[in-house]
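K.L.:
Each chain, letter by letter, is given below.
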Amino acid sequence: MNKILEVTDLSVEFKKDKKPFFAVKNVSFSVEEGETIGLAGESGCGKSTLSRAILGIQKKGVTGKINHFSKRPMMVFQDPEGSLNPAKTIGFILEEPLKIKGGMTKEQRKAKVLEMLKLVDLSEDLLDRLPSTLSGGQCQRVCIAAALMQEPKLLIADEPVSALDVTVQSQILKLFEKIKKELKLSVIFISHDLRVIYSLCDRVMIMKDGEIVEQGDKETLYFHPQHEYTKQLMEAAKTKYVKKD
Amino acid sequence: MSMLKVEDLCIKVHDRKTTDTLVQDVDFEMNKGDIMGIVGESGSGKTMTALAIAGLLSRHDMEKSGHIIFEGINLLDIKRNVLRKIQGNEISMVFQEPLNSLNPLKKVGWQVEESLRIHTSMDKNEMRDRAIEALRDVELQNPEAVYESYPHELSGGMRQRAMIAAAMIIQPKLLICDEPTTALDVTIQAQIVELLKRINRERQTAILFISHDLSLVNTLCERVIVMQHGLVKESGLCDDIFNNPQDEYTKKLIAAIPKSPFGI
Amino acid sequence: MKYVIKKLLTTLITLFAVSALVFFSFSVIPGNPAVSRLGTEATPEKIEKLTHEMGLDRPLPERYGEWVLNILHGDFGKSYSYNQKVTSLLSEKIGTTLILSVIAIILTVAVAFPLGIYTARKSDSKLDVVLTSLNQLIMAIPSFFSGILITLLFGFVFKLFTPGAYVSYKVNFLRCVGYLFFPALAIALPKISMVVKLLKDTALKEANKDYVVTAYSRGNATRAVFYKHVLKNAMIPVITFLGMTFADIIAGSIIVEQVFSVPGLGRILLTSISGRDYPMVQAIILLLSVFVVISNLAVDFMYRAFDKRIRV
Amino acid sequence: MTGNNKVKLIIGLVLTGIVFLMLLFGIFYTPYDPMAMDASVSKSISLKHIMGCDQFGRDVFSRVLVGVKETMIVAGAVVLIGVFFGTVVGTLTGYFGGWIDEILMRLNDAVLAFPSVLLALLVIGLYGGGRNTLILALGIAFIPSFARIIRSEVLKIKNLDYIQSVRLFGAGHLRIIVVHILPNLKTVMLSSILIGFNNAVLAEAGMSYLGMGVAPPNPSLGRMLSEAQAYIFTNPMTAVFPGITIVIMILGFSLLSAATEKG
Chain A
1 MNKILEVTDL SVEFKKDKKP FFAVKNVSFS VEEGETIGLA GESGCGKSTL
51 SRAILGIQKK GVTGKINHFS KRPMMVFQDP EGSLNPAKTI GFILEEPLKI
101 KGGMTKEQRK AKVLEMLKLV DLSEDLLDRL PSTLSGGQCQ RVCIAAALMQ
151 EPKLLIADEP VSALDVTVQS QILKLFEKIK KELKLSVIFI SHDLRVIYSL
201 CDRVMIMKDG EIVEQGDKET LYFHPQHEYT KQLMEAAKTK YVKKD
Chain B
1 MSMLKVEDLC IKVHDRKTTD TLVQDVDFEM NKGDIMGIVG ESGSGKTMTA
51 LAIAGLLSRH DMEKSGHIIF EGINLLDIKR NVLRKIQGNE ISMVFQEPLN
101 SLNPLKKVGW QVEESLRIHT SMDKNEMRDR AIEALRDVEL QNPEAVYESY
151 PHELSGGMRQ RAMIAAAMII QPKLLICDEP TTALDVTIQA QIVELLKRIN
201 RERQTAILFI SHDLSLVNTL CERVIVMQHG LVKESGLCDD IFNNPQDEYT
251 KKLIAAIPKS PFGI
Chain C
1 MKYVIKKLLT TLITLFAVSA LVFFSFSVIP GNPAVSRLGT EATPEKIEKL
51 THEMGLDRPL PERYGEWVLN ILHGDFGKSY SYNQKVTSLL SEKIGTTLIL
101 SVIAIILTVA VAFPLGIYTA RKSDSKLDVV LTSLNQLIMA IPSFFSGILI
151 TLLFGFVFKL FTPGAYVSYK VNFLRCVGYL FFPALAIALP KISMVVKLLK
201 DTALKEANKD YVVTAYSRGN ATRAVFYKHV LKNAMIPVIT FLGMTFADII
251 AGSIIVEQVF SVPGLGRILL TSISGRDYPM VQAIILLLSV FVVISNLAVD
301 FMYRAFDKRI RV
Chain D
1 MTGNNKVKLI IGLVLTGIVF LMLLFGIFYT PYDPMAMDAS VSKSISLKHI
51 MGCDQFGRDV FSRVLVGVKE TMIVAGAVVL IGVFFGTVVG TLTGYFGGWI
101 DEILMRLNDA VLAFPSVLLA LLVIGLYGGG RNTLILALGI AFIPSFARII
151 RSEVLKIKNL DYIQSVRLFG AGHLRIIVVH ILPNLKTVML SSILIGFNNA
201 VLAEAGMSYL GMGVAPPNPS LGRMLSEAQA YIFTNPMTAV FPGITIVIMI
251 LGFSLLSAAT EKG
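Protein chains in written order, with our numbering: chain A, 1 to 245; chain B, 1 to 264; chain C, 1 to 312; chain D, 1 to 263.
Looking at chain A on its own, in the form it has when it is part of the complex (with noise of 0.2 Å):
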């Protein structure tokens, strides 16, 4: 198999009331070529951080090696109103990766936006209206278009499906499973939900104040955890999802 990516020692650096902080310490892993990664903590570990930081957004207080084994890697946010430009149209924000890139004409894009909706299972009656006119799960499915367009390799998924209803939760992983498969995509998926993360990744990260304190295959991290603060969490979602008598 091959390597997509790389993170060798990766920290990044906070200053905080004039204190240092690192928000991210000391992270190595690698994402293989097809591959779903779970990254799972609680808020203010360092998650979003991290992925920020591999994809060039946060470039303050990194140090380490990011490498880079695919071109432009690509990201869906939390909040799937706030991803999309409001003030433009659908048509217009799936054509915008396109026209960054260049090199395609305007019959070439057009018929790209519409091989792409087909995908994320949207109707072609969206392209002329705006965001604020769909629903949550409709705009994650753009998100997720908007951000296959440019055909990347990796697609880190930053909590996609937390801000969604349940039953619209289900439709968009399966979504991700559809296009993880049928398009050979390696993706980091960023959760604080343990079973959101099982049914979707093969590997798992679990990461605490900036570190990832456990990782690996995901029976193994699930059913015999190592580390103490794994152990806590399998035991808080025990204590959330399985009922006692």
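Be careful, since some hints might not be right.
[Said to hold, decoys possible] Now the stretches of chain C that chain D is said to cover, found in silico as 3 or more residues with beta-carbon under 8 Å:
#	region
1	149 to 155
2	237 to 250
3	253 to 265
4	283 to 290
[To be verified] Restricting the straight-line Cα-Cα distance to at most 27 Å, the calculated cross-link-like pairs of lysine-lysine (DSSO-like) are:
#	chain 1	residue 1	chain 2	residue 2
5	A	Lys180	A	Lys3
6	B	Lys85	C	Lys232
7	B	Lys233	A	Lys174
8	C	Lys2	A	Lys18
9	C	Lys85	B	Lys107
10	A	Lys60	D	Lys156
11	C	Lys122	B	Lys17
12	C	Lys122	B	Lys79
[As the list claims (entries may be wrong)] Partial list, derived from the structure: chain B residues whose beta carbon lies under 8 Å from chain C:
#	residue
13	Ala54
14	Leu56
15	Leu57
16	Gln87
17	Ser92
18	Phe95
19	Glu97
20	Asn100
21	Pro104
22	His119
23	Ser121
24	Met122
25	Asn125
26	Met127
27	Ser260
28	Pro261
FYI, nobody ran anything at the bench for these hints, they're computed from the structure. Ideal placement from N, C-alpha and C gives every residue a C-beta, glycine not left out.
Following the hints, position chains B, C and D against chain A.
P.N.:
Showing chains B, C and D alone in chain A's frame:
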């Protein structure tokens, strides 16, 4: 006679031209020490139902019909000053966002005591003692310090514990919790769930638990009501509904729960 | 305590910056002030002599340093047109403008707060519609026009005061205040409307927040919810606004003094501008800025006392 | 849009409509020469002189029309300067941040803490009165408030996820600013332009009342007020009409801006 009996509850909002039905024909009963869940997605009317029972829907453009009979009194019929004697005294409520639900300019202790100040004639020291006791009871470390702090100085979990302390300080008969764990981290969520279970067990406080999370309701509650678009789709014992759902929507909700090693 | 020291320090720096701005902006005016002062009588010798007398031949930073030092000793230099010490020309006028501003501020606060609270409490009554519309109208009347209308109404129709017959506070303090009440009213009117509107708007916004629902859920009466919970939170933006308003009131006195023929700083500023009397203009603008900066500082402290969340 | 806002919008449109009508007349046609004096004419209101005449026998209505034109020219130019430089400064500082932002914003705060009347008087004190100085003075005084509004909006938008994703697509700064940020400033710009007009009219009238505006004998609303003040007890209408005109202008713009704010 049951403690709480909701009959044919309907809530409509009148706009200039249109009328929106938010809740339609909701019926259920609760007894002392019951713990019941209402499950639904956004727009299902679950929060509206909870607010109606807590007497917090006072908007003029809202039409409420049916009966909410609490201890023999129809809460929809009585005057506000009679209702006020029940609010915070016999029925208390905990909300989703602990930070927004706390007044940012008042000390936590002042807010925890508020029900005592309104419903009893205790003096300052008595109230303070009771408040600190209540804060200790929700497993807050160093309750004296929490008493003196402002909401922004506490973590999310601590704030929600303080909210529960404030709701429980006067020992209400019914505690309504509207998505009390949704805004919190997983480990904290588990602790809050345990805390609510303990309160229910030790004090026999009835709990009405509103959530979008079917499996969470299953672990906490005995009975559940499934709502969609203002209508009750199915209700009954959690075990029955999980093992043998009748309604299409309930089936869909159960199917939407991600497969995981944590049961359904 | 740290906060107070920090605030005082930044205020000092601001004052310093303002003084530099005022001083240096007057030194970039093209032309030699000595020449313009002499006018037609200018001869090269006279110009040179005057230039030297006025210190214009010395380097700028040195002159600035001297200017600041003199001001700290209470010496603003000599007026060009009156040939007198600026300080003695201004001393009485400072008092007049301060009294006018203080009356206007007191009027604004004393009327706006009760009225604002009242409209916020009764925000869906018929009276509210009337008050809100009236408010909107008053906000649109500039102080110099309302000043003329007040002169017409209270001076001419009701004869409550004699327009133009200002009495110095040194002669009779009460009569002075009695006269200044009317210009102060002209300044305060639009400010009152703005504060009332802001207080009502923020109170309504606060009333929709979650903690208000919590307060109701504990059995609070509507009145208690408003006074114990909503009001204090609604006051925070109002206090910030008051900071700007106080500055505006001080600046607004310049115009209104003109309407009511009050011999304050504003009046003499205008004559000094037309007479190109730079030491006077410098001094007055600096003084007015000091008032503004100090009133801002006062509001900052008020804000801090109100909202315990603000640290540093 | 709520019913309350609709009422504001309608009244605001009617009032600004009146103002623009007066502006058009002020430019193209006045019933009398606004500068022509006629001592013989009666000063009171009549069919010939619907707002009466002033102490020199000049037709007040004609003078008000030209005064509206004068005020609108100054206000328009001031708002233009304020919006243009405010948008440039606000967008650049908000988007790029860093030390440029620090310096410009400190400067901005300093100017903002200064009441605009005082600032305008300072500039006029330096360079003398007249229309151009007035425009310059008020324009400079108006830049900071626009810059502040635009900056805070740009700061908000810049951190939204859709800007991040466009950045990931490889879009350059110029494209992000022009295509993705500026169109989303429309609402905020509209309401701040309207409030800017409101403030500029107020400031222009105030300055010309103090005699710092356009040079006499050209009519301006503010100066008409101050000239009429001496005759206030004998001929009050000469002051009332220009005053009411100013109120109509300010009220119209402020109602429109209130109606366009936030939906």
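K.L.:
For each hint, tell me whether it holds in the structure or not.
P.N.:
The hints, checked one at a time:
Check result for the region 149 to 155 of chain C against chain D: holds, 3 residues qualifying (beta carbon to beta carbon below 8 Å, three or more required). Check on the region 237 to 250 of chain C: 3 of its residues sit with their Cβ under 8 Å from a Cβ of chain D, so the three-residue criterion for coverage holds. As drawn, the region 253 to 265 of chain C meets chain D at 4 residues by the rule of a beta-carbon pair under 8 Å; at three or more, the given contact holds. Proximity of the region 283 to 290 of chain C to chain D, defined as three or more residues with a beta carbon under 8 Å from a beta carbon of that chain, is established by the 3 residues found.
At most 27 Å may separate the alpha-carbon atoms for a hinted pair to count; lysine 180(A) and lysine 3(A) meet this at roughly 16 Å. Proximity of lysine 85(B) to lysine 232(C) is assessed by CA-CA distance (about 25 Å); at most 27 Å being required, the pair is judged to hold. A C-alpha spacing of about 25 Å is found between lysine 233(B) and lysine 174(A), which places the hinted pair at or below 27 Å, so the restraint holds. Note on lysine 2(C) and lysine 18(A): the hinted pairing holds, with a Cα-Cα distance of about 17 Å set against a maximum of 27 Å.
Only pairs whose Cα atoms come within 27 Å are accepted, and lysine 85(C) paired with lysine 107(B) is rejected, the gap being roughly 56 Å. Between lysine 60(A) and lysine 156(D) the CA atoms are separated by roughly 20 Å; this keeps the pair inside 27 Å, and the hint holds. Pair hint lysine 122(C) plus lysine 17(B) holds up; C-alpha atoms about 26 Å apart against a cutoff of 27 Å. For the hint pairing lysine 122(C) with lysine 79(B), the CA-to-CA distance comes to about 20 Å; that is within 27 Å, so the pair holds.
The interface hint given for alanine 54(B) is met, as the beta carbon of that residue sits about 6 Å from the closest beta carbon of chain C, less than 8 Å. Restraint check, leucine 56(B) versus chain C: the minimum CB separation of about 6 Å is within 8 Å; hint holds. For leucine 57(B), the interface hint is violated, since its Cβ never comes within 8 Å of a Cβ in chain C; the closest pair sits about 10 Å apart. With 8 Å as the threshold, the beta carbon of glutamine 87(B) comes within range of chain C, its nearest partner Cβ sitting at about 4 Å, so the hint holds.
A least Cβ separation of about 7 Å between serine 92(B) and chain C falls short of the 8 Å threshold, and the interface hint therefore holds. Nearest Cβ of chain C to the Cβ of phenylalanine 95(B): about 6 Å, under the 8 Å cut. The hint holds. Evaluation of the glutamate 97(B) hint against chain C yields a held restraint, the C-beta minimum of about 6 Å falling below 8 Å. Taking 8 Å as the C-beta cut-off, the interface hint given for asparagine 100(B) holds, the closest approach to chain C being about 4 Å.
Annotation: interface hint on proline 104(B) holds; nearest CB of chain C at approximately 7 Å, less than 8 Å. This hint holds: histidine 119(B) has a C-beta 6 Å from the nearest C-beta of chain C, less than the 8 Å allowed. The restraint placing serine 121(B) at the interface with chain C is violated, with a minimum CB-CB distance near 14 Å, outside the 8 Å limit. With its C-beta approaching chain C no nearer than about 15 Å, methionine 122(B) sits outside the 8 Å limit, and its interface hint is violated.
A cut of 8 Å between beta carbons decides the hint on asparagine 125(B): the least distance to chain C is about 21 Å, and the hint is violated. This hint is violated: methionine 127(B) has a C-beta 13 Å from the nearest C-beta of chain C, more than the 8 Å allowed. Hint on serine 260(B) is violated. Least Cβ distance to chain C is approximately 32 Å, over the 8 Å limit. With a least beta-carbon distance of about 36 Å to chain C, the hint placing proline 261(B) at the interface is violated under the 8 Å criterion.
Hint compliance for this structure: hints 9, 15, 23, 24, 25, 26, 27, 28 are not met, and every other hint is.
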